[in-house]
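Heads up: the protein sequence lines correspond to chains A and B, in order.
Number 255 marks the last residue of the first sequence (this note's numbering); no jumps.
Number 652 marks the last residue of the second sequence (this note's numbering); no jumps.
Keep in mind that the hints are not guaranteed to be accurate.
Derived pair list, reagent style DSS-like, types lysine-lysine, alpha-carbon separation capped at 27 Å [said to hold, decoys possible]:
id : chain 1 : residue 1 : chain 2 : residue 2
1  : A       : Lys146    : B       : Lys541
2  : A       : Lys165    : B       : Lys581
3  : B       : Lys599    : A       : Lys165
4  : B       : Lys635    : A       : Lys188
5  : A       : Lys198    : A       : Lys165
6  : B       : Lys635    : A       : Lys165
7  : A       : Lys145    : B       : Lys572
8  : B       : Lys572    : A       : Lys165
9  : A       : Lys198    : B       : Lys599
10 : A       : Lys130    : B       : Lys572
11 : B       : Lys572    : B       : Lys599
12 : A       : Lys118    : B       : Lys581
13 : A       : Lys203    : B       : Lys599
14 : B       : Lys541    : A       : Lys118
Derived from the structure by calculation, the hints contain no laboratory data.
A quick note: this is a predicted structure, and the numbers were derived from the prediction, not measured.
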Amino acid sequence: MNKIIILILLLITITGFDTTSDQFMTRQGQVSFFSYTSVENIEAKNNQVLSIIDFAKGEIAVSMLMNAFVFKKSLMHEHFNESYIESDLYPKATFEGKIIDFEPLATGVQTKMVKGNLTIHGITKEVEIKTTIENTNGTYRLIGDFEATVKDFDIKIPPVLAPNIAKTISIQFRFEYQPYEK
Amino acid sequence: MVGLYIYFGVYNNRVDDIKNVSPEVKIDSGQLVSSFILNEENANSVYRNKVVEIDGTVKEINFYNNRNTVLLYGHTKYTSVLCDMQSDQIENVKKLTKGQKVKLKGICKGFLKDAILLNCVLINNDQINE
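Same shape as in the complex, but just chain A (with noise of 0.2 Å):
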């Protein structure tokens, strides 16, 4: 009897590990940064930023689009898109990585490392950049913020606009992500 017991648990475990459910996804997650200057503050927002995260590797992937970022004044977005960023020819900002020592399990918060490359204006860099990961029933929410230097990803800005673009921009990242339908 207890061997039945012990062979119904671990089927349950086993088919609630299934290949599907590992995965977990948001279409809408948010990226901002900040670029702080004597001269102007410059903001932008990106509300629709894929990620997916696969639990059983601790995998995780970022994906948006640069002409996707909104700026309070439509200058700003044109100087962005057309000479800084460049995104008719880099029209994504990418980031594969893994979180370390990541536990899915944890319900509450856990502080972690993520490593991986983060690609920008076709400029891919290695970075490191702190995340908490918030598990509330089932749904996973992950808040940081890192910076990233202007000259790294070769984006060029002209020397007379030079004050008003910060060297180092502040990036925030929030996602929260649901159980993925493929």
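Let chain A serve as the given structure and place chain B on it in line with the hints.
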């Protein structure tokens, strides 16, 4: 002439109201997603940064990130056209129901897992209200 109008209406003032801008392309939501999946580069050259009018069926309405978002079914039930609605559309967006057929227009930004449109306005509902 239409080109000039769109140029001044969208490119010079692209964060503003597109209600009065004529769509450059009209397409069904399923066909839009299919064309991106078939050949993203080609679809980008046709739809990207253009005002597109879409016919589709409401798959989901949500308010994540304090935005009003309407998802239309793509070519399968797992794909979609993700429409970020203009803020003045909130009352009309709230009235939408899953499965409802709608017509809207917005600026196509490209494709990730879904086709993405920003600054969207409903067309049918506008006509009813005005």
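Verification of the supplied hints:
For a cut-off of 27 Å, the pair hint linking Lys146 of chain A to Lys541 of chain B stands: about 19 Å separates their Cα positions. Between the alpha carbons of Lys165 of chain A and Lys581 of chain B the distance comes to roughly 26 Å, so the proposed pair stays at or under 27 Å and holds. Distance hint between Lys599 of chain B and Lys165 of chain A is fulfilled; the C-alpha atoms sit about 25 Å from each other, no more than 27 Å. Between Lys635 of chain B and Lys188 of chain A the CA atoms are separated by roughly 23 Å; this keeps the pair inside 27 Å, and the hint holds.
Between Lys198 of chain A and Lys165 of chain A the CA atoms are separated by roughly 15 Å; this keeps the pair inside 27 Å, and the hint holds. In summary, the hint linking Lys635 of chain B to Lys165 of chain A is supported, as the alpha carbons are separated by about 12 Å, within the 27 Å threshold. Restraint check for Lys145 of chain A and Lys572 of chain B: the C-alpha separation of about 20 Å stays at or below 27 Å, so the hint holds. For a cut-off of 27 Å, the pair hint linking Lys572 of chain B to Lys165 of chain A stands: about 18 Å separates their Cα positions.
With a C-alpha separation of about 36 Å, the suggested pairing of Lys198 of chain A with Lys599 of chain B is violated against the 27 Å cut-off. Distance check on the hinted pair: Lys130 of chain A and Lys572 of chain B sit about 39 Å apart at the alpha-carbon level, beyond 27 Å; violated. Among the hinted pairs, Lys572 of chain B with Lys599 of chain B is consistent with the structure: their alpha-carbon atoms are about 25 Å apart, no more than 27 Å. Among the hinted pairs, Lys118 of chain A with Lys581 of chain B is consistent with the structure: their alpha-carbon atoms are about 25 Å apart, no more than 27 Å.
This hinted pair does not check out: Lys203 of chain A and Lys599 of chain B have alpha carbons roughly 35 Å apart, beyond 27 Å. At roughly 22 Å between alpha-carbon atoms, Lys541 of chain B and Lys118 of chain A fall within 27 Å of each other, so this suggested pair holds.
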